[in-house]
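Q: Sequence:
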Amino acid sequence: MGLQQYWGKRDFKLTHEPRGKVEKSGRQLAFYIQKHDARRLHYDFRLELQGTLKSWAVPKGPSLDPNDKRLAVEVEDHPVEYGTFEGDIPKGQYGAGHVMLWDKGTWEAIGDPVEGYRQGALKFRLNGVKLRGKWALVRMKAKPGEKDNQPNWLLIKEKDEEARHGPEAQITETATASVSLIQDDGPALESVDGDLAMEAAPTKQMPDLIKPQLATLVTQAPQGDQWFSEIKYDGYRALARIEHGDVKIYSRNGNDWTNKWKNLAGALAKLPVESAWLDGEVVAFDEEGGISFQALQTSFKLGNEADLAYFIFDLPYLNGHDLTKQPLKQRKLLLQTLLESQGKQGPLHFSEHLEGHASEVLKHACMHGLEGIVVKHAESPYQQRRSSDWLKVKCGQRQEFVVAGYTDPSGRREEFGALLLGVYDEEGMLQYAGRVGTGFNQGSLRLIASQFKTLHINNPAFANPPTGRDALGAHWLKPTLVAEVKFAEWTSAGRIRHASFVGLRDDKAARHVTHETAQPTERLAGSGEGVKNSSQSSPSPVEVANIRISHPSKTLFTDGGFTKLDLARYYESVANWILPYLKDRPLSIVRCPEGYDQHCFFQKHVSLDSKSHLKAVNINTSDKNSEYFSANNLSAVIELVQLGVLELHAWGSRSPKTHLADKMIFDLDPAPGLSWGNVTEAALLLHGLLEELELRSFVKTTGGKGLHIEIPIKPEHSWEVVKEFTHGIARHLQTHAPDRFTTNLSKKKRDGLIFIDYLRNSAGATAVVPYSTRAKAFAPVATPLDWDEVGPEVQADTFNIGNVMTRLENMESDPWKDYLQTKQRLSAKLLQMFT
DNA sequence: GCGGCTA
DNA sequence: TAGCCGCAACGCACG
DNA sequence: CGTGCG
Numbered sequence: 138m139g140l141q142q143y144w145g146k147r148d149f150k151l152t153h154e155p156r157g158k159v160e161k162s163g164r165q166l167a168f169y170i171q172k173h174d175a176r177r178l179h180y181d182f183r184l185e186l187q188g189t190l191k192s193w194a195v196p197k198g199p200s201l202d203p204n205d206k207r208l209a210v211e212v213e214d215h216p217v218e219y220g221t222f223e224g225d226i227p228k229g230q231y232g233a234g235h236v237m238l239w240d241k242g243t244w245e246a247i248g249d250p251v252e253g254y255r256q257g258a259l260k261f262r263l264n265g266v267k268l269r270g271k272w273a274l275v276r277m278k279a280k281p282g283e284k285d286n287q288p289n290w291l292l293i294k295e296k297d298e299e300a301r302h303g304p305e306a307q308i309t310e311t312a313t314a315s316v317s318l319i320q321d322d323g324p325a326l327e328s329v330d331g332d333l334a335m336e337a338a339p340t341k342q343m344p345d346l347i348k349p350q351l352a353t354l355v356t357q358a359p360q361g362d363q364w365f366s367e368i369k370y371d372g373y374r375a376l377a378r379i380e381h382g383d384v385k386i387y388s389r390n391g392n393d394w395t396n397k398w399k400n401l402a403g404a405l406a407k408l409p410v411e412s413a414w415l416d417g418e419v420v421a422f423d424e425e426g427g428i429s430f431q432a433l434q435t436s437f438k439l440g441n442e443a444d445l446a447y448f449i450f451d452l453p454y455l456n457g458h459d460l461t462k463q464p465l466k467q468r469k470l471l472l473q474t475l476l477e478s479q480g481k482q483g484p485l486h487f488s489e490h491l492e493g494h495a496s497e498v499l500k501h502a503c504m505h506g507l508e509g510i511v512v513k514h515a516e517s518p519y520q521q522r523r524s525s526d527w528l529k530v531k532c533g534q535r536q537e538f539v540v541a542g543y544t545d546p547s548g549r550r551e552e553f554g555a556l557l558l559g560v561y562d563e564e565g566m567l568q569y570a571g572r573v574g575t576g577f578n579q580g581s582l583r584l585i586a587s588q589f590k591t592l593h594i595n596n597p598a599f600a601n602p603p604t605g606r607d608a609l610g611a612h613w614l615k616p617t618l619v620a621e622v623k624f625a626e627w628t629s630a631g632r633i634r635h636a637s638f639v640g641l642r643d644d645k646a647a648r649h650v651t652h653e654t655a656q657p658t659e660r661l662a663g664s665g666e667g668v669k670n671s672s673q674s675s676p677s678p679v680e681v682a683n684i685r686i687s688h689p690s691k692t693l694f695t696d697g698g699f700t701k702l703d704l705a706r707y708y709e710s711v712a713n714w715i716l717p718y719l720k721d722r723p724l725s726i727v728r729c730p731e732g733y734d735q736h737c738f739f740q741k742h743v744s745l746d747s748k749s750h751l752k753a754v755n756i757n758t759s760d761k762n763s764e765y766f767s768a769n770n771l772s773a774v775i776e777l778v779q780l781g782v783l784e785l786h787a788w789g790s791r792s793p794k795t796h797l798a799d800k801m802i803f804d805l806d807p808a809p810g811l812s813w814g815n816v817t818e819a820a821l822l823l824h825g826l827l828e829e830l831e832l833r834s835f836v837k838t839t840g841g842k843g844l845h846i847e848i849p850i851k852p853e854h855s856w857e858v859v860k861e862f863t864h865g866i867a868r869h870l871q872t873h874a875p876d877r878f879t880t881n882l883s884k885k886k887r888d889g890l891i892f893i894d895y896l897r898n899s900a901g902a903t904a905v906v907p908y909s910t911r912a913k914a915f916a917p918v919a920t921p922l923d924w925d926e927v928g929p930e931v932q933a934d935t936f937n938i939g940n941v942m943t944r945l946e947n948m949e950s951d952p953w954k955d956y957l958q959t960k961q962r963l964s965a966k967l968l969q970m971f972t
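Heads up, the first sequence is in my numbering, so the first residue is 138 and it goes up one at a time.
None of these hints come from the bench; they were simulated from the model.
Any given hint might turn out to be false.
Once the Cα atoms are required to be at most 30 Å apart in a straight line, the calculated DSBU-like pairs of lysine-lysine come out as [as the list claims (entries may be wrong)]:
(1) K851 <-> K966
(2) K197 <-> K228
(3) K228 <-> K260
(4) K348 <-> K260
(5) K960 <-> K913
(6) K385 <-> K348
Input sequences plus hints: build the corresponding full structure.
A: Below you can see the structure in the form of structure tokens.
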């Protein structure tokens with residue numbers, strides 16, 4: 138204990154490293170991780186304990202995967218002051234090379250840390266920028282003969298919600314920036330100034346004004362983990378400039394609105410930064426606690442900003458450093474740390490984001506009545522203009538219009554009837570765009586009408602003023618008011634339909650109001666990862682597995698935005714997983730050439746030309762022969778994709794012995810209203826029964842509502858025998874739990890029962906193939922599960938073509954790895970028991 | 001998506 | 001030759 | 001026997 142070893146190794150005349158001293162106890166314990174590019178790159182992991190930093194050199198750095206155990210070689214204690222050191226240690230000195238502060242924060246021991254350290258089993262929780270949650274350091278036994286002055290430990294992530302698997306866990310790869318610019322409000326441990334190394338974050342004078350980065354309106358959310366989805370806040374864009382406690386808040390046009398938002402300015406002044414530019418949206422909460430544009434305007438009027446909040450989503454400058462060239466994910470990481478240092482109360486909020494799955498996020502956002510989402514590319518710099526790295530996807534249509542007139546009220550309506558709206562065209566002419574007469578309340582009617590007085594003019598400002606019935610009782614206004622209106626669609630005549638008033642805006646100049654048109658997403662979102670769009674809008678065939686794919690960019694799944702090429706690429710990537718379950722099985726297919734939500738049809742006979750990779754299968758029934766087909770290789774599967782096949786259903790027997798079942802299958806189908814818990818409970822019950830019968834069974838999601846349980850068997854019984862057996866099993870369950878199960882197809886609707894469909898066990902009957910897509914929203918995939926996974930986490934439609942590959946790549950082993958090797962038979966005894 | 005039939 | 005149409009099938013349960 | 005349903 139102590140720093141003698143530390144001091145002994147260094148010549149403080151030659152190195153900038155701090156000399157340091159043993160700190161007094163009684164404050165929060167700090168931890169630091171320094172990325173040290175010495176003779177060998179390694180990470181120095183340091184925990185403050187008893188006044189010094191216990192230190193370990195971790196060659197491979199920390200991993201968020203609890204399965205990764207990282208060697209941590211204990212080294213001499215360092216002074217606490219050393220933790221923030223960044224800079225170069227001169228050649229010839231101990232540890233020569235560059236030191237970068239990779240993470241910092243506080244830690245708390247789980248149990249007694251001193252005792253834990255002594256015993257060689259230290260469990261603790263980290264609260265840093267990059268590392269969070271539970272961790273453990275475990276000392277290994279010294280090998281005999283090994284020098285024991287450098288004990289080896291293992292640094293292990295404990296299982297918790299901060300744990301990750303696969304590529305996500307490699308945080309040293311994904312989070313590479315220095316955390317030195319993040320101020321902590323702990324004790325003033327002066328950073329020893331090496332070269333303050335935030336690569337490519339040059340120190341420069343903070344600009345007086347910055348222009349907000351704007352998002353491009355698109356119709357579809359982009360796919361891929363590299364896109365971050367944020368809520369599209371329904372408020373006012375606001376950029377805040379902080380310099381030594383002096384705060385200014387600017388609107389998106391650069392108007393100084395600090396005085397309107399004194400509370401926010403006050404809160405911003407308390408942030409632990411020397412200087413910063415923050416970008417976000419000011420919103421108001423309505424009575425129900427929801428975010429409300431109208432409430433925001435009311436607060437303006439009344440000068441009451443008690444319920445205002447500032448949702449901050451970007452940080453272009455910090456402490457004199459220009460972060461605009463840094464990737465968004467780094468800026469948000471810094472921002473999050475900065476804001477969380479303030480606790481959860483107060484009007485300043487971090488605008489959270491979700492990574493990937495943007496179209497699903499959009500769906501949820503819309504269901505919750507939000508305006509839409511903003512999707513931002515994780516690697517993009519901050520650009521002071523409209524760019525395609527920020528995309529906005531709206532739930533309904535909604536945009537601003539110039540108010541250039543109004544009509545007289547009728548009936549009991551006060552003030553006015555409807556607003557006459559317009560947008561400027563490319564020539565700068567104000568085009569009439571229709572009217573909005575609903576969505577107002579008493580307050581907004583009066584508020585708006587009060588603004589009319591000074592704006593009356595004699596002639597319409599429209600280039601094409603409404604005429605006839607539309608112009609009845611119209612009064613013309615100078616086109617300065619801007620109203621936000623939601624509506625269903627634009628008509629071909631350039632009018633809006635089903636318009637409803639949302640609010641007046643005064644952060645946007647009327648002359649900038651134009652007809653917003655959404656861009657097709659694929660052209661803009663091409664850099665997304667994962668399933669990619671082909672990016673051609675005109676038909677331009679591509680080849681997958683030597684099969685020509687026509688119209689590769691045709692969208693087959695509107696909600697997920699998955700195209701025909703996406704589908705082909707999906708099957709290409711799961712080829713090794715799906716082909717074993719297709720081999721020699723006659724297929725039925727579901728084809729939806731125009732997309733899953735358009736006309737779909739079943740097919741079990743296809744015309745096979747000489748070039749086809751599909752294999753003909755002749756089934757000779759007593760009366761006539763008929764030709765079915767199977768897909769035994771990838772090209773055959775892709776051929777089906779080209780035909781618009783969205784579902785693959787296979788027989789439970791293989792050619793040539795198609796008359797003998799080689800699997801049994803139970804389809805657990807919940808009645809409407811049943812919870813997922815009912816389904817999993819039923820599956821586990823059936824699993825238990827099968828175990829008792831010593832039958833190995835395998836479970837998969839269907840991509841629809843239920844689960845499939847498959848039991849591979851030796852092909853030796855006819856379909857009649859197997860069906861009777863499965864019927865017997867189903868009847869058994871129904872008899873023993875009539876409150877949960879039914880085997881009756883038409884009574885299925887009745888009550889809240891799980892229908893055990895055993896009818897798939899007959900000649901010619903089919904079930905969806907493992908890893909087949911389903912013709913449903915978001916391209917769900919029927920996915921094999923481990924029995925351990927049967928529970929609330931995984932639902933029937935959890936996996937889709939956007940996430941199945943990630944699952945497969947990260948799995949320790951195939952949950953169905955024994956399926957193909959399972960050799961089991963239905964013994965005479967079993968058959969007797971259940972028939 | 002495409003082959004086959006019809007007009 | 002353009003346009004339209006079909007593209008599965010079978011057992012069960014109910015009325 | 002037709003029809004709804006998987």
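Q: Please work out if K385 and K348 have their alpha carbons no farther apart than 30 Å.
A: 14 Å, holds
Q: Checking one constraint from the list: CA of K197 to CA of K228, max 30 Å. Satisfied?
A: 23 Å, holds
Q: Run the distance test for K851 versus K966: straight-line Cα separation, threshold 30 Å.
A: OK: K851 and K966 at ~16 Å, within 30 Å.
Q: Hey, K228 versus K260, does the alpha-carbon distance stay inside 30 Å?
A: At roughly 36 Å apart (the allowed maximum being 30 Å), K260 and K228 break the hint.
Q: Measure nothing beyond the straight line between the CA atoms of K348 and K260; if it is 30 Å or shorter, mark the hint as holding.
A: Status violated; Cα separation ~47 Å.
Q: Measure nothing beyond the straight line between the CA atoms of K960 and K913; if it is 30 Å or shorter, mark the hint as holding.
A: Roughly 34 Å between the alpha carbons, so the hint for K960 and K913 is violated.
Of the numbered hints stated above, those contradicted by the structure are hints 3, 4 and 5, listed in ascending order.
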